[in-house]
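J.: Single-letter residue listing:
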Amino acid sequence: MRGNHLGEFEELVLLTVGVLFDDAYAVAITNEIGKQSGRSVAVSAVHKSLYRLEEKGMLSSRLSDPESKRGGKRKRLFNITPYGKKALDQSMDLRSSLRNQIPDLAFNWK
Amino acid sequence: MKKKDSIPRIPHAFFKWYCKSNRYEEISGDLEEFFYDRLEHMSPVKARLLYVRDVIRCCQPYAWKRKGYSNSTIIMFKNYFKTSLRSMIRNPLSSFINIFGLSVAIGMTLVVYTMIEFSSSLDKYHENAHEVFLTTFYADRDGKEAQYGTTPLPMAEMLKNDFSQIEKVARVQDFSVIVKREDDVFHERVRAIDPTFLEMLTFPLKWGTPSSLADINSIVLSSEMAIKYFGYDNPVGQELLVKFSDEKKKIFSVVGVAEEFPNTHAISFDFLINFENLKFVQPDYHPLDWNNFISATLIQVSNPSDIEIIKSQTNKYKKLQNEMENDWKIIGFNFHDLYSLHENSSQIVNDISRDQAKEVFIGLPVMGAFMLALACFNYINMAIGSATKRLKEIGVRKVIGANRSKVIVQFLAENLLMTFFATLMGLFLTITVFLPWFTSIADAPLEISLININMWIYLITILIFTGVVSGIYPALYVSKFRVVHIFRGAVKFGKRNPIMKAFLCLQMILAFVFITMAVMFNENSNYQAQREWGYNQHGALYLELPEKAAFDQFKGLMDQNPNIISVSGARDHVGKTISETMVHINDNAYTVQQLSVASNYFTTLEIDFSQGSSFTDRSTNNKTAIVNETFLKNTQLQDPIGAIFKLDSTQYQIIGVVNDFHAFNFYNKIDPIVFLVSEKEDYRFISMRVRAGSEMDVYEDLKGYWADLYPETPFQGGQQIDLWAKFYADLGQMKRFTRTIASVAILLAALGLYGLVTLNVSGRIKEFSIRKVLGAGLKNLTSSVTRQYIVLTVVAFVIGAPLAYMLNLGLVEMMFAYPLPAGYWGVGIAFVILVIVMLGVFSTQVRRVFVYNPAQGLRSE
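Same order as they appear, the protein sequences are chains G and X. The first sequence: position 57 = 57 (the numbering used here), numbered continuously. The second sequence: position 119 = 119 (the numbering used here), numbered continuously.
Since the hints were derived computationally from the structure, they do not count as laboratory data.
With a Cα cut of at most 30 Å, we get these calculated DSSO-like pairs of lysine-lysine:
| hint | chain 1 | residue 1 | chain 2 | residue 2 |
| --- | --- | --- | --- | --- |
| 1 | G | 69 | X | 46 |
| 2 | X | 633 | X | 669 |
| 3 | X | 16 | G | 56 |
| 4 | X | 735 | X | 669 |
| 5 | X | 16 | G | 48 |
| 6 | X | 279 | X | 160 |
| 7 | X | 20 | G | 48 |
| 8 | G | 48 | X | 46 |
| 9 | X | 46 | G | 35 |
| 10 | G | 56 | X | 20 |
Far from chain G by the CB rule (all over 10 Å, computed), these chain X residues:
| hint | residue |
| --- | --- |
| 11 | 96 |
| 12 | 146 |
| 13 | 167 |
| 14 | 178 |
| 15 | 204 |
| 16 | 412 |
| 17 | 553 |
| 18 | 643 |
| 19 | 657 |
| 20 | 818 |
| 21 | 821 |
| 22 | 843 |
So the derived label-pair ranges between C-beta atoms look like this:
| hint | chain 1 | residue 1 | chain 2 | residue 2 | range |
| --- | --- | --- | --- | --- | --- |
| 23 | G | 36 | X | 18 | 27 to 33 Å |
| 24 | G | 69 | X | 18 | 22 to 28 Å |
| 25 | G | 66 | X | 65 | 20 to 26 Å |
| 26 | G | 106 | X | 78 | 55 to 61 Å |
| 27 | X | 37 | G | 66 | 16 to 22 Å |
Note that the structure is a prediction, hence the values are computed from the model and not measured. We put the beta carbon where it would ideally sit given N, CA and C, even for glycine.
With the hints as constraints, model all of the structure from the sequences given.
T.: Written out as structure tokens, the structure reads:
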């Protein structure tokens with residue numbers, strides 16, 4: 001359980017990495033999460049999640065070519081690994097299965 | 001403008017400093033990208049601020065550098081730790097001795113610390129401690145000037161009226177009373193005070209208000225007393241009956257209970273009542289009575305420096321006092337602030353603060369320092385000795401690339417580790433053994449609080465100090481060797497090392513001092529224990545009478561008891577209460593102790609007469625008196641029988657002289673004593689002589705009589721010998737303590753010597769081999785092993801003997817009023833013990849050399 005457990009923010013980062021396929025690096029992810037969820041995210045939090053997910057084996061990474069926009073520095077691009085996909089699926093399944101188990105009565109507030 | 005568009009330099013430098021190199025590029029790129037993005041739609045200032053925020057936020061473990069050098073250093077220290085532990089385990093005895101010696105020493109220093117801290121924090125918690133002063137006076141009595149803590153009654157009032165600087169005045173007078181509530185009856189001490197007392201000394205109240213003491217019928221209890229009489233409930237509004245004497249009883253209503261006093265109090269109270277009660281209690285009370293000395297007068301000034309002005313103007317009181325009262329010629333007045341009162345308390349007679357235990361405060365630090373020195377010297381010798389076994393290790397370390405400073409660090413670290421263990425053990429020893437001991441000796445509630453920061457700072461200071469002081473020399477010494485010499489086996493080790501010898505010599509001197517101390521203490525304690533009291537304390541019992549009529553009732557019952565041989569009454573009783581008074585002989589005044597007794601008191605207690613005889617039964621009106629030998633010595637009366645002295649303006653004639661006896665324990669000197677005849681109505685004590693062996697039975701009988709006659713008064717009585725029980729217990733405890741210290745000192749010295757001799761012999765093994773081959777016998781070998789140490793011993797003895805003698809004589813004389821007549825026994829015994837220990841140590845090494853095969857010593861190399 002411990003190994004593939006995903007925190008809420010980690011899950012968000014993992015999903016975003018998928019969304020930004022092949023151009024997922026910290027700045028882009030931060031901006032994307034900000035745009036899609038409307039909440040302001042610190043880049044350090046994204047860094048932390050990315051490195052941790054990489055340690056867990058859910059992300060792989062490589063360095064890009066140098067870019068002038070960043071003062072000639074390379075960026076680290078992330079991709080989802082099969083294990084990452086599995087963890088994502090499991091988490092989604094758990095959520096939808098739980099959601100489906102809620103009886104309609106629970107939503108009947110009248 | 002350009003500058004504002006670029007990355008802020010200092011935050012970037014900070015970032016670069018903390019960020020690890022393999023992530024630096026990507027993270028700094030990210031931050032930079034954000035910065036340039038923001039520049040496009042924000043002011044540069046804001047962008048720069050946000051950049052700073054990002055840098056700070058990124059300062060998290062994922063970005064941190066691992067310290068570059070940390071790995072190897074940590075590994076090195078781990079290795080040191082391991083080798084230290086191993087070498088400790090390999091020589092369990094010597095490391096135990098080292099650690100134990102150090103821990104005893106550290107424990108002692110901790111006790112010293114606790115005492116000093118305790119004593120210096122006494123009574124400092126009062127808010128006005130700097131502004132409140134105790135009034136004292138100097139008086140010349142028996143040619144000795146002394147300072148007294150009591151004050152004439154009118155002083156307080158006059159001080160207050162005469163000086164505008166004085167804000168508040170509080171008078172204090174103590175009474176011994178009986179306090180009764182329902183069936184609970186106890187003897188207590190009540191403190192009569194002006195209500196300002198509680199404003200000047202800030203004892204917070206748990207219940208009630210201090211101002212309600214203004215009512216003359218109110219009483220305030222300490223927390224302890226409240227629990228004793230009323231349990232844990234709020235007693236405010238309840239009533240207590242206070243019996244000041246047989247006729248003077250009064251009901252007080254409880255108006256307040258104090259919070260529990262802090263441990264660090266010297267001044268406290270059990271019960272507080274209004275001072276005006278004096279009018280009720282003292283029949284001859286008069287507010288202008290300069291003869292009436294009250295327990296204390298406290299004043300509070302707004303500005304502490306004003307006290308000098310007040311002091312300079314106290315001459316008129318002196319004049320007033322000396323006109324009124326001729327016995328007490330006052331020399332001058334003085335004031336002590338509460339803050340420092342306790343420190344000065346031992347110089348003030350009869351003050352309300354508690355005296356410092358002088359002996360303990362001087363003796364202990366000296367002993368602690370000596371022990372620490374002894375343990376350090378010992379460690380130094382042992383460490384150098386054991387380093388012989390580790391020469392190879394040091395050589396290998398050096399070959400691998402450790403420079404001298406690395407080896408020094410290693411040895412120091414090792415030593416600190418050991419000292420650390422010793423400190424832990426010392427702390428443990430202090431809490432479990434030393435403090436309980438010293439608490440009973442010093443009579444102060446000493447305790448270590450483990451959350452006291454100062455204590456930890458002190459402990460760590462001691463740890464580092466001891467560790468470095470004891471470790472630095474061995475470390476320097478051992479690290480000096482050349483690798484080549486080590487491996488070639490050419491290290492000349494321990495052959496001639498004057499410093500080590502000096503250490504050993506010091507160690508022996510200290511051991512000498514400690515052994516002498518133990519012996520002298522032992523002798524003295526035995527001497528004190530066997531010392532005669534001056535009367536027959538065995539088989540004597542006493543009762544404190546609850547009221548006047550009690551004497552006849554008890555006597556009636558006692559006369560029927562076959563075990564009781566004789567019974568006599570008295571107003572005062574030896575070992576319990578004696579009152580101080582003044583006598584005049586030919587215009588000279590002397591302070592004496594006064595006892596008023598029945599005529600057969602002397603036969604009952606078996607106090608012997610050296611001249612004259614006891615009172616005759618009908619001598620009550622004859623104004624006769626009996627004195628002791630010390631009285632004669634002090635007054636220099638040549639022909640005492642028939643001599644006349646004046647006491648309270650009455651003339652008394654001396655009809656007898658008794659031998660000196662100890663009215664109180666042997667810490668106190670024998671005072672001059674005057675016996676007068678006591679009227680039967682004044683009897684407060686019954687003393688009795690019982691048949692030998694029946695003491696316990698009679699004691700039980702007495703309790704039975706008491707319970708029948710006075711069920712409402714607590715039993716007050718006991719065996720005469722029990723009056724000194726605590727004194728003898730103290731003696732035993734000190735005996736045990738000094739013995740332990742001396743044993744540790746002997747052990748340490750013996751081991752230091754052993755280490756040094758072994759080292760020396762090992763270094764000279766070739767020499768001994770050659771000697772043996774050439775035909776040296778036991779005698780020759782012995783002399784060549786021991787020669788240099790004999791010189792050392794002689795030196796240690798020559799220095800140590802007078803030192804030990806003086807120090808311990810001083811200590812013993814400080815403690816006991818009648819020490820064992822000075823003799824050289826202690827020093828002699830200490831010398832013999834030391835010599836025996838040394839012979840034991842030498843014999844092991846001489847034996848080793850004697851059975852050694854010389855071929856082996858000559859074969860190597």
